[in-house]
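Q: Spelled out, the chains give:
Number of protein chains: 2
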Amino acid sequence: MNISLKEAARNLLEAEKIVIASHVNPDGDAIGSSLGLMYALQGMGKEVMVFIDDDIPAIFSVLPGYEVIRRPEKGVEKIRADLFVILDTSPDRIGISGDVVEAHVLNIDHHVTNKGEAEFSYVDSGRAATAEIVYELIREMGREFTGEIASCIYTGIATDTGFFRYSNTTPFTMRTAAELMEHGARPHIISEAMEQKSYAVVKGMAAAMQTIERFCNGRAAGLFMDRELTAGIENTEGFIDMVRVIEGVDVAVLLKCKEEKLCRVSMRSKGLDVAKIAAGFGGGGHVRAAGCTLEMDFADAKRAVMQAIEEAMGA
Amino acid sequence: MNISLKEAARNLLEAEKIVIASHVNPDGDAIGSSLGLMYALQGMGKEVMVFIDDDIPAIFSVLPGYEVIRRPEKGVEKIRADLFVILDTSPDRIGISGDVVEAHVLNIDHHVTNKGEAEFSYVDSGRAATAEIVYELIREMGREFTGEIASCIYTGIATDTGFFRYSNTTPFTMRTAAELMEHGARPHIISEAMEQKSYAVVKGMAAAMQTIERFCNGRAAGLFMDRELTAGIENTEGFIDMVRVIEGVDVAVLLKCKEEKLCRVSMRSKGLDVAKIAAGFGGGGHVRAAGCTLEMDFADAKRAVMQAIEEAMGA
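From first to last, the protein sequence lines stand for chains E and Y.
The opening position of the first sequence corresponds to residue 1 in our numbering, with each subsequent residue numbered one higher.
The opening position of the second sequence corresponds to residue 316 in our numbering, with each subsequent residue numbered one higher.
FYI, nobody ran anything at the bench for these hints, they're computed from the structure.
Treat the hints with caution; some may be incorrect.
What the hints assert, rightly or not - Result set (DSS-like, lysine-lysine): computed pairs, CA atoms no more than 30 Å apart in a straight line:
no., chain 1, residue 1, chain 2, residue 2
1, Y, K393, Y, K430
2, Y, K591, Y, K576
3, E, K258, E, K276
4, E, K197, Y, K512
5, Y, K573, Y, K512
6, E, K74, E, K115
7, E, K261, E, K276
8, Y, K576, Y, K518
9, E, K17, E, K6
10, E, K261, Y, K518
11, E, K203, E, K261
12, Y, K430, E, K197
13, Y, K573, Y, K389
14, Y, K576, E, K197
15, E, K203, Y, K393
16, Y, K585, E, K203
17, Y, K591, Y, K430
18, E, K17, E, K115
19, Y, K518, E, K258
20, Y, K332, Y, K430
21, E, K203, Y, K518
22, E, K270, Y, K512
23, E, K203, Y, K512
24, Y, K389, Y, K332
25, E, K258, E, K74
26, Y, K518, E, K197
27, E, K276, Y, K512
28, Y, K332, Y, K393
29, Y, K512, Y, K576
30, E, K270, Y, K518
31, Y, K512, Y, K585
32, Y, K576, E, K203
Next comes chain E alone, as it looks inside the complex (with noise of 0.2 Å):
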């Protein structure tokens, strides 16, 4: 059922117990509004815990709270709190988190594709991040701001906007992050973390530069990484931007081979929509931002992907 920013303030304002979830392969608006919202109704009295089923990337332990994010088990006894908050995501990402839990759902998401079917939802998808919701909340139920919740707030909101960059950033998320850094958010000091690398992972990233190849008369560029070169690496977050930035690219690829049949193609586009190349392939995404699974070897995906995007263009 759909409610009103109001009434789920009213929802949190009347909660004694609450348990806040969020998705699995969790990103800083995942964190940054669970602990937002975690500090500002620990602040009011309340007793409040943060379940996310996966790992939390080390960079995040420069957030208040990192370490009392726990991760559900199975087979222990079911929580019987007054709300459970699902942030950032529909029920369905939040892995076993929804097991340990008995209690009414308030879901808030900014995901147009949540589509409210949770107990309670509030679900805005003009809002660049769900941090941004849980900052109206705050407002909403009238608490202040401490340094603690402006930090995770605006993380959330930093990280969903790539630092303000991306076309979902609004003035509305700019006068709120400059709130949020009167209360104590530190730009340079999120961003630096946020940022950080393992010397690993850089070096990684320049042997994997390499394969850079463009195609479709430099329309689009590709990243491709054969299965010596991905299992050498453990996280290739930013590696797309590489391609992205080259000048006259349209269409960014990131191809990763997994296993012998297996890999995985993220796509970015500043135009061509790749949500339909990669929906031929099985897989899905936004207009702008896609991805898919082809179960082939490198060299047929890397054809196959580059012929599908070829064709898309009419090239």
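Starting from the structure of chain E, add chain Y where the hints point.
A: Below, chain Y without anything else, positioned relative to chain E:
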């Protein structure tokens, strides 16, 4: 003579024919401030010219007015104007732009090193970019922000703050950007343009990144480009960031061997005073960003820089 923002605005309002100039090796703030102020003054019916004594990098062609920036020529008749506005630098870094104009001088800058020695100076080192001061001047003059003005000023602010990530970013920065977006500045268009690199530079970056080496127990790391590597890459903008992001690295170094006995060194730090290290080689800069030139061949220069950093770190 130092004057107030109000007086600077009055100087601009009273002038009919105005020449604007900014520094050589122009960046987004030099170009964005100059063009933003030009459009605002032209909107008031004034005659305005912009001079920069250098090439204007092609990435700035995304800005309106890119093509009207002139390069001063030697030996031409001086332009008589009412006001010569020097932006984002003290008057000593504008090449020969000053030689082509005869007018009262108004210097507007945000650099703390600007001592305010021009005929009229307005320097506010609390502002993250000169573009922020141009924004204030336009408001002070009671003018509206057109889409052209907003895009130019936004670019100055965004580039000088590393897209709102550096420690100079303030709540004022964020709120100014919000207002400029409402007047037509588009963050994703501008950021995509600013990040563009040629295919050759991206491939060169990959090759350069292969040379990254850690030292001082991982507290320092350097990207060491010998003569051959240096000669093959036209632009190393952003290369040092690939060193700076490595986990545990306080001091990042970029060394480029330009000629047989000439190496340029840039250093970035998160704590250690690299201006002091640079000064030891006759260079200079800020605590966290400094540079120097070594008249040594590649191997000697590399050894000397690594040793100086090791000594400064007490390793």
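Q: The structure should be examined with respect to each hint, and the outcome stated for every one.
A: Tested hints:
Straight-line distance between C-alpha atoms of Y:K393 and Y:K430 comes to about 27 Å, which keeps the hinted pair within the 30 Å bound. Distance restraint check for Y:K591 and Y:K576: the Cα-Cα separation of roughly 23 Å lies within the 30 Å cut-off, and the hinted pair is therefore satisfied. Among the hinted pairs, E:K258 with E:K276 is consistent with the structure: their alpha-carbon atoms are about 23 Å apart, no more than 30 Å. Of the supplied pair hints, the one linking E:K197 and Y:K512 holds, its CA atoms being roughly 22 Å apart against a limit of 30 Å.
For the suggested pair Y:K573 and Y:K512, the alpha carbons sit about 21 Å apart, so the restraint of at most 30 Å is met. In summary, the hint linking E:K74 to E:K115 is supported, as the alpha carbons are separated by about 28 Å, within the 30 Å threshold. Taken as a hint, the E:K261 and E:K276 pair is honoured in the structure, with Cα atoms around 23 Å apart against an allowance of 30 Å. The suggested pairing of Y:K576 with Y:K518 holds, with an alpha-carbon distance near 26 Å, which does not exceed 30 Å.
At most 30 Å may separate the alpha-carbon atoms for a hinted pair to count; E:K17 and E:K6 meet this at roughly 20 Å. Under the criterion of a C-alpha separation no larger than 30 Å, the hint pairing E:K261 with Y:K518 is consistent with the structure, at around 29 Å. At most 30 Å may separate the alpha-carbon atoms for a hinted pair to count; E:K203 and E:K261 meet this at roughly 26 Å. With a CA separation close to 40 Å, the supplied pair Y:K430 and E:K197 exceeds the 30 Å bound.
Our distance criterion of 30 Å between C-alpha atoms is met by Y:K573 and Y:K389, whose separation comes to about 29 Å. As the CA atoms of Y:K576 and E:K197 are separated by approximately 34 Å, the hinted pair breaks the 30 Å bound. With a C-alpha separation of about 54 Å, the suggested pair E:K203 and Y:K393 falls outside the 30 Å cut-off, and the hint is violated. Simply put, Y:K585 and E:K203 have alpha-carbon atoms about 21 Å apart, close enough for the 30 Å limit, and the pair holds.
Using a Cα cut-off of 30 Å, the hinted pair Y:K591 and Y:K430 holds, with the two alpha carbons roughly 22 Å apart. Straight-line distance between C-alpha atoms of E:K17 and E:K115 comes to about 26 Å, which keeps the hinted pair within the 30 Å bound. At most 30 Å may separate the alpha-carbon atoms for a hinted pair to count; Y:K518 and E:K258 meet this at roughly 24 Å. Simply put, Y:K332 and Y:K430 have alpha-carbon atoms about 26 Å apart, close enough for the 30 Å limit, and the pair holds.
As the CA atoms of E:K203 and Y:K518 are separated by approximately 14 Å, the hinted pair is consistent with the 30 Å bound. Distance restraint check for E:K270 and Y:K512: the Cα-Cα separation of roughly 15 Å lies within the 30 Å cut-off, and the hinted pair is therefore satisfied. Proximity of E:K203 to Y:K512 is assessed by CA-CA distance (about 20 Å); at most 30 Å being required, the pair is judged to hold. Annotation: proposed proximity of Y:K389 to Y:K332 holds, straight-line Cα distance about 21 Å (limit 30 Å).
Of the pairs offered as hints, the one joining E:K258 and E:K74 holds, with about 28 Å between alpha carbons and a cut-off of 30 Å not exceeded. At roughly 20 Å between alpha-carbon atoms, Y:K518 and E:K197 fall within 30 Å of each other, so this suggested pair holds. For the hint pairing E:K276 with Y:K512, the CA-to-CA distance comes to about 27 Å; that is within 30 Å, so the pair holds. For the hint linking Y:K332 to Y:K393, the alpha-carbon distance of about 13 Å falls within 30 Å, and the restraint holds.
Restraint check: the Cα-Cα separation between Y:K512 and Y:K576 comes to about 29 Å, which is no more than 30 Å; the hinted pair holds. Distance check on the hinted pair: E:K270 and Y:K518 sit about 21 Å apart at the alpha-carbon level, within 30 Å; holds. At most 30 Å may separate the alpha-carbon atoms for a hinted pair to count; Y:K512 and Y:K585 meet this at roughly 26 Å. A threshold of 30 Å between alpha carbons decides the hint, and for Y:K576 with E:K203 the separation of about 29 Å falls inside it, so the pair holds.
Against the hints set out earlier in the document, violations occur for numbers 12, 14, 15.
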